[in-house]
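> Spelled out, the chains give:
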Amino acid sequence: MKVLAIDDSRTIRELVRVTLEREAIEAVLAEDGLHGLELLAGMEDRPDAILTDVNMPRLDGFGFVRKVRDRPDCADVPILMLTTESAKDLKQQARAAGATGWIVKPFDPARLVGALRTVTGLT
Amino acid sequence: MADPMDAIRATFFEECAELLESLETGLLALQTGPRTAETIDAVFRSVHSIKGGAAAFAFSDLAAFAHEFETALDAYRIGQRGDLPHGVPILLRACDGLRDLVAASQTGAKATAPDPTGLRALCGSNEVVPTDPRGDPDPLPSVPNGFPKVWTISFEPRPELLSSGNEPSFLFRSLAILGRIEVRADAANLPPLENVDPTLAYLRWTLRLWPSAPDLTETEIEAAFEFVHDLCDLRIAPGTEALAPGRASQIPDMGPRNAVPDIPSLVPTTIRVDLARVDRLVDLVGELVIAQSMLAQDMTPGGSGGNPTGTDRMNDLQQLTRDLQESVMAIRAQPVRSLFQRMERIVRETAAQTGKTVRLVTEGVATEIDKTVIERLADPLTHMIRNAIDHGLEDPQRRTAAGKDPTGTVTLRALQRSDRILIEVSDDGAGLDRPRICDRAIARGLLPPGAAPDPAEIDQLIFSPGFSTASGVSAVSGRGVGMDVVNRAIRDLSGSIAIESAEGAGCRITTSLPLTLAILDGMVVRSGRERMVLPLSTILEAQTADLAAIERLGTGGWAVRLHDRYVPLLDLGRSMGFAVPHERWEAGEDSAVLFIRVEGGDPFALRVDAIEAQRQVVVKGLDDNLGRVPCVSAATILGDGQIALIVDTPAIAAAAGLDLQLAGAA
Chain A
1 MKVLAIDDSR
11 TIRELVRVTL
21 EREAIEAVLA
31 EDGLHGLELL
41 AGMEDRPDAI
51 LTDVNMPRLD
61 GFGFVRKVRD
71 RPDCADVPIL
81 MLTTESAKDL
91 KQQARAAGAT
101 GWIVKPFDPA
111 RLVGALRTVT
121 GLT
Chain B
1001 MADPMDAIRA
1011 TFFEECAELL
1021 ESLETGLLAL
1031 QTGPRTAETI
1041 DAVFRSVHSI
1051 KGGAAAFAFS
1061 DLAAFAHEFE
1071 TALDAYRIGQ
1081 RGDLPHGVPI
1091 LLRACDGLRD
1101 LVAASQTGAK
1111 ATAPDPTGLR
1121 ALCGSNEVVP
1131 TDPRGDPDPL
1141 PSVPNGFPKV
1151 WTISFEPRPE
1161 LLSSGNEPSF
1171 LFRSLAILGR
1181 IEVRADAANL
1191 PPLENVDPTL
1201 AYLRWTLRLW
1211 PSAPDLTETE
1221 IEAAFEFVHD
1231 LCDLRIAPGT
1241 EALAPGRASQ
1251 IPDMGPRNAV
1261 PDIPSLVPTT
1271 IRVDLARVDR
1281 LVDLVGELVI
1291 AQSMLAQDMT
1301 PGGSGGNPTG
1311 TDRMNDLQQL
1321 TRDLQESVMA
1331 IRAQPVRSLF
1341 QRMERIVRET
1351 AAQTGKTVRL
1361 VTEGVATEID
1371 KTVIERLADP
1381 LTHMIRNAID
1391 HGLEDPQRRT
1401 AAGKDPTGTV
1411 TLRALQRSDR
1421 ILIEVSDDGA
1431 GLDRPRICDR
1441 AIARGLLPPG
1451 AAPDPAEIDQ
1461 LIFSPGFSTA
1471 SGVSAVSGRG
1481 VGMDVVNRAI
1491 RDLSGSIAIE
1501 SAEGAGCRIT
1511 TSLPLTLAIL
1521 DGMVVRSGRE
1531 RMVLPLSTIL
1541 EAQTADLAAI
1551 ERLGTGGWAV
1561 RLHDRYVPLL
1571 DLGRSMGFAV
1581 PHERWEAGED
1591 SAVLFIRVEG
1601 GDPFALRVDA
1611 IEAQRQVVVK
1621 GLDDNLGRVP
1631 CVSAATILGD
1641 GQIALIVDTP
1651 AIAAAAGLDL
1661 QLAGAA
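Chains as they are written, first to last, in our numbering: chain A, 1 to 123; chain B, 1001 to 1666.
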């Protein structure tokens, strides 16, 4: 499985990377939404799933998800949003933008991996 | 194998330091400059990121306080509050509190969580904000007695479910982890093929699940549908309901797919370099400089045989070496900005403790200086600033009475002057209280009773060990260190310190530091059989010794004329403790006189037997092996492979202090 993970916090990026790599999931890391789009554009095959933070400079998570959904080849790529809040309106915003689901930070590694497996159907 | 979590934890604290810096910068910008949405967002994100990382590592105090901070900032960010400036001092204090908590989390020390009342008042509510940043996990429903052997799940997606990137068959696959499942699709809503919109969901599903674990709960089943709750009608019931008509199918077992090996990604725009590696690089370049100078020496005395190609190559190598050296040094150079920014907090705290109002002005924050120097400068600078506020600045009433702005100004300024960096701490306070300094110095035995030193000498007294004018130990400056400790810290950095004071107008302390501690422009001189290196920056001028210009003083000291005045003359070899005859220059031997001036002192002269060369030398510390040697700051290796000592010129002046005074009195 190959996952594009986007978070402006280096700490969270590292946590995601270690969590995924322990499960032999390839992690491609981006620092913000725009960077994520750049990496996405440069990929030969689209990632199996995308993990993205909400609050980021330049292009936030919602904007990023909308942009990804606008790409025909990525219209149905599973996108999980990492949110610090579990506030309901945040979930609604995530949904409205086109997110597949959300994980509340700080995430439980097993749960993150489980969610990725759920949405990708991959092990 | 090292736990990768330790490395990430280290990353977290590094990141925290950066985030705290950008937080403080942002808050200060909000206080003084225009309030742009970008700045507020950046400030918010800094706190948000600290909170996220803190929660990940279960630093609960830190995460909780960051959460309070974030809540307060959020009120501004989403435009609930327009009056930010009055809140900035509270936010800055919260920033200080956050910094303390980060430090405590890093060291494992127990820190008192800062009082969040101010923050809560800022966001307009004093209600208790939930301090658990983990959000509000739903409590587990009580597990019913007697677990069902089979569950029936009715799953009716809304048409838009597919466009969220969710895929029903994947959901079923994750259900299949819980046990054996049977899936029936209800295609009643499926339109004729030509009318099918592939982005919409038309099928309804009924599933039966025979759990492999006997105690499976409804919540665990629901969890599989976590992301589609709002996109479907879901009913989960124990037992077998009548299944809707349709085709039943088993979900085929999906074998594990080959995982793609990891390929690191991400091209960073900045690099973070382990200091030890940079130090190694600096060492290597040092060796290169030595090799180059050896080569140069081999070639010069007719060795090159007038071979122009060889000379050209030599010049190229020289240029290359110089470039390489400069670029490597640049890796270690950092702007003083972050150091100066840290002082904002010192000013705030000291102002609060002393009840004075103080403005900090910083200049030249882009000036770059060696990283080690910056780190070791923080303490002395802190102390100088505390001193300036505590002792230098008057309280607002006295300032008003003196016709000054009641708000005192402390100015922190950095500038580069040739190969030195000057850091000035100045205040617009009352200036040094010289009569009081004299009294104190006499009381401490630093001056003989009845002495009447000139103002500059009085000012120097504050650098004397054990000197402090504060009659009691004040909470601010009296931390057991005086200006003598500051002085020593600066000297340890091969720096020097000078003070200027004007009564009623304030005081300025200038610290002069080398750009780098690794390479020095020096003059190679000989005294007796020893070769030594003098830092070029301290040499005013060099002359051939002119017997007519040298005077023997009655006290046994010597003086030499420098233009229109006499300055004390010392013999370098003797000052260093070598057994060299004192009266050599009387015998008319070839010798040279170097005029030296160190920061904050009068010029003096050093006699040497010969000046050999002027060149860059690589500083090799002696401290590790020999400890501190008087009058020697370090050593170097010369072009011929010989070791030469680098002379600590200020220390020579200090060691000869008595002689200087006698000479002056004679």
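One or more hints might be untrue.
Unchecked claim - Computed Cβ-Cβ distance ranges for the label pairs, DEER-style: (1) B:P1198 x A:A110: 41 to 47 Å; (2) B:M1005 x A:A75: 47 to 53 Å; (3) A:D108 x B:V1196: 37 to 43 Å.
Unchecked claim - Which residues of chain B face chain A? A partial, calculated answer using Cβ under 7 Å: (4) H1048; (5) R1420; (6) E1424.
Claimed, not checked - Not the full set, but computed from the structure, chain A residues with beta-carbon under 10 Å of chain B: (7) L59; (8) P78; (9) I79; (10) G98.
To be clear, the hints were calculated from the coordinates, so they are not data collected in a lab.
All values reported here derive from a predicted model rather than from experimental measurement.
Every residue, glycine too, gets a C-beta built ideally from N, C-alpha and C.
> State for each hint whether it applies.
Cross-check of the supplied hints:
For the pair P1198 of chain B and A110 of chain A, the supplied restraint of 41 to 47 Å is violated, since their beta-carbon distance comes to about 34 Å. M1005 of chain B and A75 of chain A have their C-beta atoms about 37 Å apart, which leaves the hinted 47 to 53 Å range violated. A beta carbon spacing of about 39 Å between D108 of chain A and V1196 of chain B agrees with the range 37 to 43 Å that was offered as a hint. Interface restraint check for H1048 of chain B: the shortest CB-CB distance to chain A comes to about 5 Å, inside 7 Å, so the restraint holds.
At about 36 Å, the closest approach between the beta carbon of R1420 of chain B and any beta carbon in chain A exceeds 7 Å, and the interface hint on this residue is violated. For E1424 of chain B, the shortest C-beta to C-beta distance to chain A is roughly 35 Å, which exceeds 7 Å, and the interface hint is violated. With a cut of 10 Å, the hint placing L59 of chain A at the interface with chain B is violated, because the nearest CB-to-CB distance is about 12 Å. For the restraint placing P78 of chain A at the interface with chain B, the shortest Cβ-Cβ distance is roughly 4 Å, inside the 10 Å limit, so the hint holds.
The closest approach between the C-beta of I79 of chain A and any C-beta of chain B is roughly 6 Å, which is under the 10 Å cut-off, so the hint is satisfied. With its C-beta approaching chain B no nearer than about 6 Å, G98 of chain A sits inside the 10 Å limit, and its interface hint holds.
Checked against the numbered hints given earlier, the structure breaks hints 1, 2, 5, 6 and 7 and satisfies all the rest.
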